[in-house]
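Enquirer: The lines below spell out each chain.
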Amino acid sequence: AQTVTQSQPEMSVQEAETVTLSCTYDTSESDYYLFWYKQPPSRQMILVIRQEAYKQQNATENRFSVNFQKAAKSFSLKISDSQLGDAAMYFCAYSLAGGGADGLTFGKGTHLIIQP
Amino acid sequence: SAVISQKPSRDICQRGTSLTIQCQVDSQVTMMFWYRQQPGQSLTLIATANQGSEATYESGFVIDKFPISRPNLTFSTLTVSNMSPEDSSIYLCSVDRGWDNEQFFGPGTRLTVL
Numbered sequence: 001a002q003t004v005t006q007s008q009p010e011m012s013v014q015e016a017e018t019v020t021l022s023c024t025y026d027t028s029e030s031d032y033y034l035f036w037y038k039q040p041p042s043r044q045m046i047l048v049i050r051q052e053a054y055k056q057q058n059a060t061e062n063r064f065s066v067n068f069q070k071a072a073k074s075f076s077l078k079i080s081d082s083q084l085g086d087a088a089m090y091f092c093a094y095s096l097a098g099g100g101a102d103g104l105t106f107g108k109g110t111h112l113i114i115q116p
Numbered sequence: 001s002a003v004i005s006q007k008p009s010r011d012i013c014q015r016g017t018s019l020t021i022q023c024q025v026d027s028q029v030t031m032m033f034w035y036r037q038q039p040g041q042s043l044t045l046i047a048t049a050n051q052g053s054e055a056t057y058e059s060g061f062v063i064d065k066f067p068i069s070r071p072n073l074t075f076s077t078l079t080v081s082n083m084s085p086e087d088s089s090i091y092l093c094s095v096d097r098g099w100d101n102e103q104f105f106g107p108g109t110r111l112t113v114l
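Residue numbers (my numbering), protein chains in the order written: chain W, 1 to 116; chain A, 1 to 114.
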């Protein structure tokens with residue numbers, strides 16, 4: 001079974017600074033997807049960024065980027081120029097590739113605090 | 001993207017009763033998923049609902065406790081049966097757009113069982 005581990009229950013960063021959230025996973029598969037989701041207090045799950053395992057290039061979305069290390073099974077999220085609106089729970093998630101038939105396996109989450 | 005609505009948004013129920021949660025999508029989707037998020041915890045997949053077939057349940061979840069219906073490609077229901085306080089959670093549905101495993105989530109249903 002696949003597992004996703006987020007070892008940082010809480011992180012704090014000053015506004016405008018950069019923060020990195022860690023995620024490791026365990027799988028015996030070679031083709032899969034990795035995601036970072038954001039859950040603000042409204043509890044709406046929002047996709048931040050996704051990475052296909054077969055792509056060596058790290059995904060980027062504006063201020064958000066990932067460091068995907070397939071051999072190390074590591075998938076960290078870097079948030080640059082942190083903003084107050086970035087404060088939320090961040091969940092790392094894994095999905096087996098294959099046309100969308102599989103649900104997501106989530107890590108326990110990291111609570112990100114942005115200090116003004 | 002997909003717009004997903006859930007009803008009710010929240011409810012307070014007595015133990016021993018059942019609650020049915022509805023999930024409506026604004027477009028046809030193949031797969032719908034139901035997750036549980038216990039207080040202060042992460043999301044755990046309950047089951048996968050494919051239209052026209054029985055739902056597939058994850059380990060630790062059974063059909064008698066969490067019956068699911070999927071009558072068409074835009075709608076699904078999850079029933080939480082014979083509720084106990086341990087069932088107090090947020091229940092979320094999600095859909096997969098089918099080609100890249102990206103899932104979109106509904107706003108969730110916050111259930112409190114007294």
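Be aware that a few hints might be false.
Which stretches of chain A does chain W cover? Using the computed rule of at least three CB atoms under 8 Å from a CB of chain W, they are [claimed, not checked]:
hint	stretch
1	39-49
2	105-112
Which chain W residues stay away from chain A? Per the calculated CB distances, all over 12 Å, these [said to hold, decoys possible]:
hint	residue
3	20
4	28
5	62
6	73
7	95
8	102
9	103
10	105
11	111
12	113
What the hints contain is simulated information worked out from the structure, not anything from laboratory work. Given the structure is predicted, the values throughout are model-derived calculations rather than measurements. Backbone N, C-alpha and C fix where the C-beta goes; we use that ideal spot for every residue, glycine too.
Enquirer: Checking the smallest CB distance to chain A, is residue 103 of chain W really beyond 12 Å?
Expert: Not fine: 4 Å to the nearest Cβ puts residue 103 of chain W too close to chain A.
Enquirer: Report holds if the minimum CB distance from residue 95 of chain W to chain A is greater than 12 Å, and violated otherwise.
Expert: violated (5 Å)
Enquirer: Minimum Cβ separation between residue 28 of chain W and chain A greater than 12 Å?
Expert: holds (18 Å)
Enquirer: So residue 111 of chain W supposedly isn't at the interface. Is its beta-carbon more than 12 Å from every beta-carbon in chain A?
Expert: Incorrect as stated: the minimum Cβ-Cβ distance to chain A is 10 Å, not above 12 Å.
Enquirer: In terms of Cβ atoms, is chain A entirely out of 12 Å range of residue 105 of chain W?
Expert: For residue 105 of chain W, whose nearest Cβ neighbour in chain A is about 7 Å away, the distance does not exceed 12 Å, so it is violated.
Enquirer: According to a criterion of three or more residues whose C-beta lies within less than 8 Å of a C-beta of chain W, is the stretch 105-112 of chain A covered?
Expert: That given contact holds, which follows from 4 residues of the stretch 105-112 of chain A lying within Cβ reach (below 8 Å) of chain W.
Enquirer: Does the claim that residue 73 of chain W lies off the interface hold, with its Cβ farther than 12 Å from every Cβ of chain A?
Expert: Residue 73 of chain W clear of chain A: closest Cβ-Cβ about 18 Å, beyond 12 Å.
Enquirer: Residue 102 of chain W clear of chain A by more than 12 Å, beta carbon to beta carbon?
Expert: violated (7 Å)
Enquirer: Far enough from chain A: is every CB of that chain over 12 Å from the CB of residue 20 of chain W?
Expert: Non-interface label stands for residue 20 of chain W: nearest chain A Cβ at 20 Å, farther than 12 Å.
Enquirer: Examine each Cβ of chain A, and state whether all of them lie more than 12 Å from the Cβ of residue 62 of chain W.
Expert: holds (17 Å)
Enquirer: Can you confirm whether chain W covers the stretch 39-49 of chain A, using C-beta to C-beta distances below 8 Å and requiring at least three such residues?
Expert: holds (count 6)
Enquirer: Taking the minimum C-beta separation from residue 113 of chain W to chain A, is that value above 12 Å?
Expert: Check passes; 16 Å lies beyond 12 Å.
Violated hints, listed in ascending order, are 7, 8, 9, 10, 11; each of the other numbered hints is respected by the structure.
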